[in-house]
Structures are given as structure tokens and as C-alpha cells.
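Asks: If you want the building blocks of each chain, they are given just below.
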Amino acid sequence: RKEVEQDPGPFNVPEGATVAFNCTYSNSASQSFFWYRQDCRKEPKLLMSVYSSGNEDGRFTAQLNRASQYISLLIRDSKLSDSATYLCVVNMGTRADGLTFGKGTHLIIQP
Amino acid sequence: GAVVSQHPSRVICKSGTSVKIECRSLDFQATTMFWYRQFPKQSLMLMATSNEGSKATYEQGVEKDKFLINHASLTLSTLTVTSAHPEDSSFYICSGWDQQKETQYFGPGTRLLVL
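Protein chains in written order, with this note's numbering: chain D, 1162 to 1272; chain P, 8 to 122.
Chain P extracted, bound-state conformation:
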């Protein structure tokens, strides 16, 4: 299957700082990328849909000014958690939509811990 990478895999930061997470599709072009979040013992929840060259679409209850998404190229989307707080600690997973294979491929996830 296609490969999606995320960086960093794990990050610990202080409350109030901003954290940027990168999501890259390594062997296909992803016109659409998705950002999900998973809290312990909970299901993955879609946060936002990111389309290359346009503004992201956020799910209800997700603050667009807090979770900044940039999808500047067909292989890279970034999620910036601004002014992170302990309740933002979670497992953030991105996925890329491969139009040719009509399949969504997931990255390995980024574990964020805000102290």
C-alpha cells in the first residue's frame, strides 16, 4: 500500500506553546488529506479535511483558529496546534486520499503530550 509519514512521532511540550505536525504522502499525490484525533479508549474522530491549495474544512466543534491546517502541496499537509493545553494531549493521525486507488492511507500518528 501507499506510504504516508508523519513527523514528529512523539512530542512533549509546555502549555501555551505551539506544535506543528507534518503529514507527507511519499509515493502518491494527495489532493485531499484528513486529520483525525484519538483520545485514550475513544474512537478516531475526524477533525478536518484539507484540500491542496484551499482552506481546510473543519468538523463541528473543532476550532479552526486553534488547529491551523496548511496543505501547500500535493504531498504535504501540516497541522499546527496553537497555544496547546493539556486537554489537547492526544494521538493525532493524518491520512491521504489516493485518487487513483480510491483509498485512504493513514500515517503512523503523532502522540502529543502537553504538560
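So here's chain D without its partners, still in its complex pose:
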């Protein structure tokens, strides 16, 4: 079983719509959770950390369900510039340890 699993997509979504991604992780001892965004042929950039209480940053909302070992990302009022690959990332040790990445979910926002 893969350590971090995501639906690769692509998700084709009209501009202005709301889109949600889920991700599951296998290691119940995982400590920290993140969503990263990766544009084509670029390095990943941190979008937001994910906390058990859920957190929101503008149009983006992330939630963590430790019991079910899944993480979600919701994007509201999607923009063309949101088109990218969204990586679910888990830190299975301390925050100073290396990260485990999912393969990513490819999102295409259509005008």
C-alpha cells in the first residue's frame, strides 16, 4: 500500500466552481500534514499546513481526519491561476524529518 494516496485526476473544473480533493495516508503515527502546489516543471510550494481543527486561508480550506487517516482540500471560487498539481504531503516523523509526498492531483480550471 502506498504511504500517501491521491486521485491523480485530472479534475477539469469551470472557473468559479468549488472543487475538493482528498488524500489518505497509511502511517497512523504521522505527525504533520500539508498541501503543496506544484506547477509544471517547478519545485513544490507550500500552500497550507493542515490541522486537526481544520484551517482556512482565503479560498482554501484544509481538514484532517486522523481517525480515518485522510486529508482534504477545498478550493472555492476557483481561478484560472489555480490550475496546478496539488500534492498531499505527510511528515511521518518530527517536523524536522523528510516529507512523504503523494503523486499529486492535477487540477485544470477552464474558462
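For the record, the hints were derived by calculation from the structure and aren't laboratory data.
Be a bit skeptical, because a hint or two may be false.
Stated by the list, open to error - Heads up, simulated DSSO-like pairs for lysine-lysine below, C-alpha to C-alpha not over 30 angstroms straight-line: (1) D:1206 / P:62; (2) P:73 / D:1240; (3) D:1240 / D:1206; (4) D:1240 / P:62.
What the hints assert, rightly or not - Simulated coverage check for chain D against chain P, where a stretch passes if three residues somewhere in it have a Cβ under 8 angstroms from a Cβ of chain P: (5) 1178-1192; (6) 1196-1209.
Ideal Cβ placement from N, Cα and C applies to all residues, glycine included.
Dock chain P against the given chain D, drawing on the hints supplied.
Replies: This is chain P only, laid out in the frame that chain D set:
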């Protein structure tokens, strides 16, 4: 956010040669740096963890004699791909751990093509 640079950004080399990639933290001290690799349409995979002044810790399946890592200062780690082969062609990305901000910052990556 903090800045991590990598050099070179792109390299093409012949099979059998060695390639050195530099990773620098420009505005923070990184006691720990990480090296990742990403093949096309695959996820980033952690290759090794590099701690300043000590030997790197390699992930399972990564040959330490092929991927030499040196972390001689708090702002510089190098990855040398020795005797590179076409299957080593990949996107190599480093990151630095900022202890103060408890955040890992990624470099822009180095695209290696071995002919």
C-alpha cells in the same frame, strides 16, 4: 518565505560522468537539508537527509556510493551523482529545514539529463 537556491538549474551530461549539484540556504541556517528526486509523472521521493557536519542518512534503495552528499556548512549541501547513467535522469530538488520557523523550504530544482 526563506530562499533556497540550487545550481545548476539544468545539466546535460554524458553517461559515466559525475555531476555535482549545489543547494544553498540564502537567508537562514539549515542544520538539516534534504534531497529529493522526482521522475516524470511520479511523486517526489526523499533520497537522503543531510546534517551539517555529519554523514547523510540515505533512504532505502538509494546507493550512498553513487549519490555522494556533503553538508560542510550551515548554508551549503552538495549532491554528486557519480558515474551517471540515463536512468539517473530526473528532477533533483533540495530543501532546507529552518529550525526557527519550523518549516522546510524547497529549492527550484535541478533537471539532470544523462545521455
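Asks: Does each hint fit the structure? Answer for all of them.
Replies: Hints, verified against the model:
About 28 angstroms separates the Cα atoms of residue 1206 of chain D and residue 62 of chain P, which keeps this hinted pair within 30 angstroms; it holds. For the suggested pair residue 73 of chain P and residue 1240 of chain D, the alpha carbons sit about 44 angstroms apart, so the restraint of at most 30 angstroms is broken. For the suggested pair residue 1240 of chain D and residue 1206 of chain D, the alpha carbons sit about 18 angstroms apart, so the restraint of at most 30 angstroms is met. Taken as a hint, the residue 1240 of chain D and residue 62 of chain P pair is broken in the structure, with Cα atoms around 45 angstroms apart against an allowance of 30 angstroms.
Only residues whose C-beta sits within less than 8 angstroms of a C-beta in chain P count toward coverage, and the stretch 1178-1192 of chain D has 0 of them, not enough to reach three; the restraint is violated. Three residues within the 8 angstroms Cβ limit are the bar, and the stretch 1196-1209 of chain D against chain P gives 6, so the coverage statement holds.
Checked against the numbered hints listed earlier, the structure breaks hints 2, 4, 5; every other hint is satisfied.
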